[in-house]
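Asker: Take a look at the letters that make up each chain.
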Amino acid sequence: GIQVEQSPPDLILQEGANSTLRCNFSDSVNNLQWFHQNPWGQLINLFYIPSGTKQNGRLSATTVATERYSLLYISSSQTTDSGVYFCALKRSGNYQLIWGAGTKLIIKP
Amino acid sequence: NAGVTQTPKFRILKIGQSMTLQCTQDMNHNYMYWYRQDPGMGLKLIYYSVGAGITDKGEVPNGYNVSRSTTEDFPLRLELAAPSQTSVYFCASSDEDRGLAEAFFGQGTRLTVV
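The listed protein sequences derive, respectively, from chains X and W. Taken in order, the first sequence gives residues 1 to 109; the numbers are from my numbering. Taken in order, the second sequence gives residues 1001 to 1114; the numbers are from my numbering.
If we strip away everything but chain X, and leave its shape as in the complex, we get (with noise of 0.2 Å):
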């Protein structure tokens, strides 16, 4: 089946600082998404990106189909940015989302 990698496991950050997730993916998906799992277990969608670049205020993400990677950019971290990002994939007249391990991202005040 589909494997999906995400980089790195764990990101300590100071409040302000960027940073760059990265989901790895070893096929050919249609439907790529990026959550955010927040520290009460909530699943909050950021973008559904298959391809293509798409931008939300601080967070922007990149998906390139043809080289099998998406990354999610954020940028000025609040507080409020920890949790756990997720990328999630499947492919054409599959069902099921595959995930990724996840990243997860502690922001220091």
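These are computed hints drawn from the structure, not numbers from a lab. Glycine is no exception: its CB is placed at the ideal position from the N, C-alpha and C atoms. Where hints are given, some of them may not hold.
Label-pair ranges, simulated between beta-carbon atoms [claimed, not checked]:
| # | chain 1 | residue 1 | chain 2 | residue 2 | range |
| --- | --- | --- | --- | --- | --- |
| 1 | W | PRO1083 | X | SER7 | 29 to 39 Å |
| 2 | X | ASN45 | W | MET1041 | 12 to 22 Å |
| 3 | X | GLY41 | W | MET1027 | 18 to 28 Å |
| 4 | W | GLU1079 | X | SER75 | 45 to 55 Å |
| 5 | X | LEU13 | W | LYS1014 | 39 to 49 Å |
| 6 | X | LYS108 | W | GLY1016 | 17 to 27 Å |
| 7 | X | PRO109 | W | ASN1028 | 37 to 47 Å |
| 8 | W | GLY1063 | X | ILE44 | 21 to 31 Å |
| 9 | X | ASN56 | W | GLY1040 | 23 to 33 Å |
| 10 | W | SER1069 | X | GLN78 | 42 to 52 Å |
| 11 | W | VAL1060 | X | GLU67 | 25 to 35 Å |
| 12 | X | GLN42 | W | PRO1061 | 23 to 33 Å |
| 13 | W | THR1020 | X | PRO8 | 36 to 46 Å |
Part of the chain W face toward chain X, derived, beta carbon under 8 Å [stated by the list, open to error]:
| # | residue |
| --- | --- |
| 14 | PHE1010 |
| 15 | MET1041 |
| 16 | GLY1042 |
| 17 | LEU1043 |
| 18 | LEU1045 |
| 19 | GLY1058 |
| 20 | GLU1059 |
| 21 | TYR1064 |
| 22 | PHE1090 |
| 23 | ALA1101 |
| 24 | GLU1102 |
| 25 | ALA1103 |
| 26 | PHE1105 |
| 27 | GLN1107 |
| 28 | GLY1108 |
| 29 | LEU1111 |
Lysine to any residue pairs mimicking SDA-like chemistry, simulated, CA-CA at most 25 Å apart [what the hints assert, rightly or not]:
| # | chain 1 | residue 1 | chain 2 | residue 2 |
| --- | --- | --- | --- | --- |
| 30 | W | LYS1044 | X | ASN94 |
| 31 | W | LYS1044 | X | GLY57 |
| 32 | W | LYS1044 | X | TRP40 |
| 33 | W | LYS1044 | X | PRO9 |
| 34 | W | LYS1057 | X | ILE2 |
| 35 | W | LYS1044 | X | SER28 |
| 36 | W | LYS1014 | W | ASN1028 |
| 37 | W | LYS1009 | X | HIS36 |
| 38 | X | LYS104 | W | ASP1038 |
For this one, chain X is given, so just place chain W on it according to the hints.
Answerer: For chain W alone, coordinates are given in the frame of chain X:
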């Protein structure tokens, strides 16, 4: 704008008990899913449904059952609860018929089996 609503948020079960996790969505999505998330892991698919009356197994279906009598509701039934079913359960929905495959998730149900 409720989206996907799950109840209950927390539950403790004794080994061998049964329960139903409720999930309802108000976005008129045809596709609905149940996932479980074990500590420190991503989510794994338990069951999914592509429309009312149609359900199918995902990656980890053992010990669970589902039904889909309406577009809105997709309950998950646990029979004979076991400690291995201690997990956080998420319900999700998407509207793939219109090519909009973004999945939206409920707030989760934290289940402990003791």
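Asker: Look at each hint and say if it fits the structure.
Answerer: Hints and how they fare:
1. W/PRO1083 <-> X/SER7: 29 to 39 Å: This hint holds: roughly 33 Å between Cβ atoms.
2. X/ASN45 <-> W/MET1041: 12 to 22 Å: holds (19 Å)
3. X/GLY41 <-> W/MET1027: 18 to 28 Å: holds (22 Å)
4. W/GLU1079 <-> X/SER75: 45 to 55 Å: Since W/GLU1079 and X/SER75 have Cβ atoms about 48 Å apart, the given range 45 to 55 Å holds.
5. X/LEU13 <-> W/LYS1014: 39 to 49 Å: Since X/LEU13 and W/LYS1014 have Cβ atoms about 43 Å apart, the given range 39 to 49 Å holds.
6. X/LYS108 <-> W/GLY1016: 17 to 27 Å: violated (45 Å)
7. X/PRO109 <-> W/ASN1028: 37 to 47 Å: holds (42 Å)
8. W/GLY1063 <-> X/ILE44: 21 to 31 Å: holds (29 Å)
9. X/ASN56 <-> W/GLY1040: 23 to 33 Å: Check passed, 27 Å falls within 23 to 33 Å.
10. W/SER1069 <-> X/GLN78: 42 to 52 Å: Roughly 44 Å apart at Cβ, these two residues keep to the hinted range, so it holds.
11. W/VAL1060 <-> X/GLU67: 25 to 35 Å: holds (31 Å)
12. X/GLN42 <-> W/PRO1061: 23 to 33 Å: For X/GLN42 and W/PRO1061 the Cβ distance comes to about 25 Å; the hint holds.
13. W/THR1020 <-> X/PRO8: 36 to 46 Å: Since W/THR1020 and X/PRO8 have Cβ atoms about 40 Å apart, the given range 36 to 46 Å holds.
14. PHE1010: Violated, because the Cβ-Cβ distance from W/PHE1010 to chain X comes to roughly 11 Å (cut-off 8 Å).
15. MET1041: holds (7 Å)
16. GLY1042: holds (3 Å)
17. LEU1043: Since chain X brings a Cβ to about 5 Å from W/LEU1043, closer than 8 Å, the hint holds.
18. LEU1045: With Cβ-Cβ at 4 Å, under 8 Å, it holds.
19. GLY1058: Nearest chain X Cβ about 6 Å off; hint holds.
20. GLU1059: The hint holds - W/GLU1059 has a Cβ within 8 Å of chain X, the shortest such distance being about 6 Å.
21. TYR1064: violated (15 Å)
22. PHE1090: Nearest chain X Cβ about 7 Å off; hint holds.
23. ALA1101: Holds. Min distance 4 Å.
24. GLU1102: The hint holds - W/GLU1102 has a Cβ within 8 Å of chain X, the shortest such distance being about 4 Å.
25. ALA1103: Result: holds, 6 Å to nearest chain X Cβ.
26. PHE1105: holds (4 Å)
27. GLN1107: Cβ of W/GLN1107 sits 6 Å from chain X, so the hint holds.
28. GLY1108: Holds. Min distance 5 Å.
29. LEU1111: violated (12 Å)
30. W/LYS1044 <-> X/ASN94: This hinted pair holds, its Cα atoms lying about 14 Å apart.
31. W/LYS1044 <-> X/GLY57: violated (30 Å)
32. W/LYS1044 <-> X/TRP40: Satisfied, since the Cα-Cα distance of roughly 19 Å is no more than 25 Å.
33. W/LYS1044 <-> X/PRO9: Satisfied, since the Cα-Cα distance of roughly 19 Å is no more than 25 Å.
34. W/LYS1057 <-> X/ILE2: holds (18 Å)
35. W/LYS1044 <-> X/SER28: Given that 25 Å is the threshold and the Cα spacing comes to 20 Å, the pair holds.
36. W/LYS1014 <-> W/ASN1028: violated (35 Å)
37. W/LYS1009 <-> X/HIS36: holds (19 Å)
38. X/LYS104 <-> W/ASP1038: holds (15 Å)
Checked against the numbered hints above, the structure violates hints 6, 14, 21, 29, 31 and 36; every other hint is satisfied.
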